[in-house]
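*Asks:* Chain by chain, the residues:
Protein chains: 2
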Amino acid sequence: MKYAIMSQKDLNKLLETEKEKYSEYLNMNLKYDMTRGKPSVKQLALSDDMMSDRYVGNYKASNGLDCRNYGILEGIPEIRSLFGEIFGVAPEQVIAGGNSSLNIMYDLISAFLLLGTAKDSTPWVKQGEIKFICPVPGYDRHFAITERLGIKMINVNINDDGPDMDVIEELVKNDASIKGMWSVPKYSNPTGVVYSDEVIRRLAKMECAADDFRIIWDDAYSVHMLEGEPAKQLNLIDACKEAGNPDRAIVLASTSKMTYPGAGISAVASSIDNINWFKYVFTIQTIGPNKINQLRHANYFGNYDNVVAHMKKHAEILNPKFKRVIQIFEEELSEADILKWSNPKGGYFISIDTVYNCASEVVAMAKKCGVLFTEAGSTFPYRKDPENKNIRIAPSMPPIEELEVAIRVLCVCVKICSIEKLLDK
Amino acid sequence: MKYAIMSQKDLNKLLETEKEKYSEYLNMNLKYDMTRGKPSVKQLALSDDMMSDRYVGNYKASNGLDCRNYGILEGIPEIRSLFGEIFGVAPEQVIAGGNSSLNIMYDLISAFLLLGTAKDSTPWVKQGEIKFICPVPGYDRHFAITERLGIKMINVNINDDGPDMDVIEELVKNDASIKGMWSVPKYSNPTGVVYSDEVIRRLAKMECAADDFRIIWDDAYSVHMLEGEPAKQLNLIDACKEAGNPDRAIVLASTSKMTYPGAGISAVASSIDNINWFKYVFTIQTIGPNKINQLRHANYFGNYDNVVAHMKKHAEILNPKFKRVIQIFEEELSEADILKWSNPKGGYFISIDTVYNCASEVVAMAKKCGVLFTEAGSTFPYRKDPENKNIRIAPSMPPIEELEVAIRVLCVCVKICSIEKLLDK
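Those protein sequence lines, which keep their order, are chains Z and F. Residues 268 to 692, numbered by the working numbering, are exactly what the first sequence covers, in order. Residues 268 to 692, numbered by the working numbering, are exactly what the second sequence covers, in order.
I should point out that these hints are in silico values taken from the structure, not numbers from a laboratory. Hints are not guaranteed to be accurate.
With a cut-off of at most 27 angstroms between alpha-carbon atoms, the simulated DSS-like pairs for lysine-lysine come out as follows [to be verified]:
id, chain 1, residue 1, chain 2, residue 2
1, Z, K651, Z, K634
2, F, K688, F, K269
3, F, K327, Z, K386
4, F, K651, Z, K546
5, F, K393, Z, K393
6, Z, K580, F, K327
7, F, K286, F, K692
8, F, K280, Z, K398
9, F, K269, F, K472
10, F, K580, Z, K327
11, F, K393, Z, K386
12, F, K298, Z, K327
13, F, K546, F, K288
14, Z, K269, Z, K688
15, Z, K298, F, K327
16, F, K398, Z, K546
17, F, K393, Z, K419
18, Z, K607, Z, K688
19, Z, K269, Z, K607
20, F, K280, Z, K651
21, F, K546, Z, K419
22, Z, K386, Z, K472
23, F, K651, Z, K386
24, Z, K288, Z, K499
25, Z, K386, F, K419
26, Z, K393, F, K398
27, Z, K280, Z, K580
28, F, K440, F, K472
29, Z, K546, F, K419
30, F, K656, F, K635
31, F, K546, Z, K398
32, F, K386, Z, K393
33, F, K298, F, K656
Counterexamples of contact, computed for chain F against chain Z with all Cβ distances above 12 angstroms [claimed, not checked]:
id, residue
34, L282
35, S314
36, D315
37, L369
38, D431
39, V434
40, K440
Backbone N, C-alpha and C define an ideal beta-carbon position, used for all residues, glycine too.
Start from the sequences and build out the full structure, keeping to the hints where you can.
*Replies:* Encoded structure:
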């Protein structure tokens, strides 16, 4: 039954029952961490074979270079080819880097500020206030970068097919200080939304007052489906080129959630002009990437099909966890009409929306039981969810038995907060 | 016999002989590259055993963390301890990072520009012109960073015991826009100079108009002796602390020339306040370092004594090359008095000074024979050697037979240029 139409008496009774449950959980000394999208130990073990020294062979890259020595700023040919397949671009449009695509994003935005977006462009620090569009809810670490670097963030709501394009088009047409936009286009963090081809086309061709507008296209989950094959999606780099805005798209990915988080390979793809600019930046910033690790990854995967095959093994481990969370929400809350939850086809998160102004209290209550969720607000710029509704759930790490308990705890907290709100307590 | 006091006739005769030799070299189709300080294949092979999977074991760091997953921004405990031993500081004063200490230097200076050097400090981009002191001749990639980031460079000559402290003290006392200084304190690039304890003490205690003056102490060759034990040197971090300037020293190193260049581990050491500030920067910039590679290195070396033992094997390979170069210079040029060469006890370079305004011509002539040396001027800021005298020689990479030919070619070029100069040709 919908809570909103229940009698005060029934609500009070229900509240008492739920509070009893909550007390029990309080006494269980739980210690579950669902704050971050970390792969589980089982998932990590899928790539252990990669540590075999046969994947580094005689240390020679396909072009003959000894990967044990200095050289090749842009990454070894075979890893650029592999990422070229993943991104759907030519290897020449790829720079394969170190272990963190987030690091590349920070470094590029930092370079745009200090050096500009291209040869003879004006550095952003010399252009007054700079703004970025932030689809919300979104990825906290993106927002942390723009906040840290003094870039003003503008929230734009995300719909089922991607960010609200009517709003974005209006914003970027009229404000030349809006220089860029964050995005996780496939299985978005945290909503799981897959941007539609129509949204991608509009992003590629929209008129921007800033002639150096950049879309940071964090394709972190491009092959991270929960079942079947990776979702098909229009290629932003192609779409931008066709629309006459070839330098607008900056596409990133890494193998962090394919092999080992933090010990994988990251890469960036873009137009040749952008890639040349990035090389101009990186050639002074670094001595080049760890080529041994690139060689290991390239040899281990070989090609895109093997990457997808490998990701299906991850899906087999992840999908039951996601399904179980959804199932518990349905069991506990489908009648109540006090919680919305996403049902993603990929990625690492389930996004929930409580009733207005309850999210932080729900997270705090769960924390008292020893069940940690990402801080409420963290899916929004400046950690401020204007409606205090959104909570990001990361089901990947805990074993399924722990996950079940954690989500039951969450449901109790949601119920108690919602009822207290309805009763004006 | 000294060229300067030879008769015109004798010089002309000598010139003819040397030009004949040069013609012979021209026809030999040589192809030697001595531009960069790259370890040889033999040196790389010294570390191949490190690729064995036994050095990553069960992927667990000493604190129990699974190195295959996210976590530990500042590096795993055992690699921080190892670098602590190398730097002579507590592990807490170390951040162990990715594969490039140059990258850390760029990132820190970039952060100083955008965010400042400490909490509540004013970012350097908001402080007008910023300057750095550059001991010359020095490391081209240092100078490239400051040039790229718009920091004005001031040359200060390096003496046998380090940079000219009288000049530096005068400069920093009177100019608050001088915010920092580059340095390679041990077996300096390219001079091989080991900064004396007295120089280090003066650097630590000198009065600076800028209260956020920073010394970038690139201790790239701290254990890279050519024979015996590493040179002992006063610890700059201790000296700065004692002098009441605890945050002045930023010390860096990497295993690039211990294990594999570009696939090693880099680290930075400083005061706890600085380390906390660097963490504040890095926690937004990156997801953390590759901990698998850190674990591999920590397990492979174990402790400082093993590092030194390993470096002695490098020395056994490198020392004969350095000795041979010096020997050829002595054979060819000790009588002539037209060339000065360093005789380093460690590091990767021999530095030579030709007579005034000859270096670029010498390098160009050698290049015509297919023997590549680092471009003349590159050991100075803006690639401008005011006297056009200095050339950096990197003897590490070629086999000794090739090295001999390359240095003979160099000597012929030096002789021809010098004689033509003396004859006003």
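*Asks:* All hints are to be evaluated individually against the structure, with a verdict given for each.
*Replies:* Now for the hints, and whether the structure bears them out:
Taking the CA atoms of Z:K651 and Z:K634, the gap is about 19 angstroms. The hint holds against a cut of 27 angstroms. Our distance criterion of 27 angstroms between C-alpha atoms is met by F:K688 and F:K269, whose separation comes to about 14 angstroms. Taking the CA atoms of F:K327 and Z:K386, the gap is near 45 angstroms; set against the 27 angstroms cutoff, the hint is violated. This hinted pair checks out: F:K651 and Z:K546 have alpha carbons roughly 24 angstroms apart, not beyond 27 angstroms.
Restraint check for F:K393 and Z:K393: the C-alpha separation of about 10 angstroms stays at or below 27 angstroms, so the hint holds. This hinted pair checks out: Z:K580 and F:K327 have alpha carbons roughly 23 angstroms apart, not beyond 27 angstroms. A hinted pair counts as satisfied when its Cα atoms are at most 27 angstroms apart, and F:K286 with F:K692 qualifies at roughly 14 angstroms. Taking the CA atoms of F:K280 and Z:K398, the gap is about 72 angstroms. The hint is violated against a cut of 27 angstroms.
Using a Cα cut-off of 27 angstroms, the hinted pair F:K269 and F:K472 is violated, with the two alpha carbons roughly 44 angstroms apart. Pair hint F:K580 plus Z:K327 holds up; C-alpha atoms about 23 angstroms apart against a cutoff of 27 angstroms. The suggested pairing of F:K393 with Z:K386 holds, with an alpha-carbon distance near 23 angstroms, which does not exceed 27 angstroms. Using a Cα cut-off of 27 angstroms, the hinted pair F:K298 and Z:K327 holds, with the two alpha carbons roughly 21 angstroms apart.
Simply put, F:K546 and F:K288 have alpha-carbon atoms about 58 angstroms apart, too far for the 27 angstroms limit, and the pair is violated. The hinted pair formed by Z:K269 and Z:K688 meets the criterion: a straight-line CA distance of about 14 angstroms does not exceed 27 angstroms. Of the supplied pair hints, the one linking Z:K298 and F:K327 holds, its CA atoms being roughly 21 angstroms apart against a limit of 27 angstroms. Between F:K398 and Z:K546, the direct Cα distance comes to roughly 26 angstroms. Compliance with the 27 angstroms bound is thereby established for this hinted pair.
With a C-alpha separation of about 18 angstroms, the suggested pair F:K393 and Z:K419 falls inside the 27 angstroms cut-off, and the hint holds. A threshold of 27 angstroms between alpha carbons decides the hint, and for Z:K607 with Z:K688 the separation of about 17 angstroms falls inside it, so the pair holds. With a C-alpha separation of about 13 angstroms, the suggested pairing of Z:K269 with Z:K607 holds against the 27 angstroms cut-off. At most 27 angstroms may separate the alpha-carbon atoms for a hinted pair to count; F:K280 and Z:K651 exceed this at roughly 84 angstroms.
With a CA separation close to 23 angstroms, the supplied pair F:K546 and Z:K419 stays within the 27 angstroms bound. About 23 angstroms separates the Cα atoms of Z:K386 and Z:K472, which keeps this hinted pair within 27 angstroms; it holds. Using a Cα cut-off of 27 angstroms, the hinted pair F:K651 and Z:K386 holds, with the two alpha carbons roughly 23 angstroms apart. Of the supplied pair hints, the one linking Z:K288 and Z:K499 is violated, its CA atoms being roughly 44 angstroms apart against a limit of 27 angstroms.
Distance check on the hinted pair: Z:K386 and F:K419 sit about 20 angstroms apart at the alpha-carbon level, within 27 angstroms; holds. For the hint linking Z:K393 to F:K398, the alpha-carbon distance of about 19 angstroms falls within 27 angstroms, and the restraint holds. For the suggested pair Z:K280 and Z:K580, the alpha carbons sit about 46 angstroms apart, so the restraint of at most 27 angstroms is broken. Restraint check for F:K440 and F:K472: satisfied, since their Cα atoms lie roughly 11 angstroms apart, inside the 27 angstroms limit.
A hinted pair counts as satisfied when its Cα atoms are at most 27 angstroms apart, and Z:K546 with F:K419 qualifies at roughly 23 angstroms. Using a Cα cut-off of 27 angstroms, the hinted pair F:K656 and F:K635 holds, with the two alpha carbons roughly 19 angstroms apart. A hinted pair counts as satisfied when its Cα atoms are at most 27 angstroms apart, and F:K546 with Z:K398 qualifies at roughly 26 angstroms. This hinted pair checks out: F:K386 and Z:K393 have alpha carbons roughly 23 angstroms apart, not beyond 27 angstroms.
In summary, the hint linking F:K298 to F:K656 is supported, as the alpha carbons are separated by about 24 angstroms, within the 27 angstroms threshold. The claim that F:L282 is not at the interface with chain Z holds, since no C-beta of that chain comes within 12 angstroms of its own (minimum 38 angstroms). The claim that F:S314 is not at the interface with chain Z is violated, since a C-beta of that chain comes within 12 angstroms of its own (minimum 8 angstroms). With a least beta-carbon separation of about 8 angstroms from chain Z, F:D315 fails to lie farther than 12 angstroms from that chain, contradicting its non-interface assignment.
Look at F:L369: its CB is around 5 angstroms from the nearest CB on chain Z, not clear of 12 angstroms, so calling it non-interface is violated. Its beta-carbon lying about 27 angstroms from the closest one in chain Z, F:D431 satisfies the requirement of being farther than 12 angstroms from that chain. For F:V434, the condition that its CB be more than 12 angstroms from all CB atoms of chain Z holds, with the nearest at approximately 27 angstroms. With a least beta-carbon separation of about 29 angstroms from chain Z, F:K440 lies farther than 12 angstroms from that chain, consistent with its non-interface assignment.
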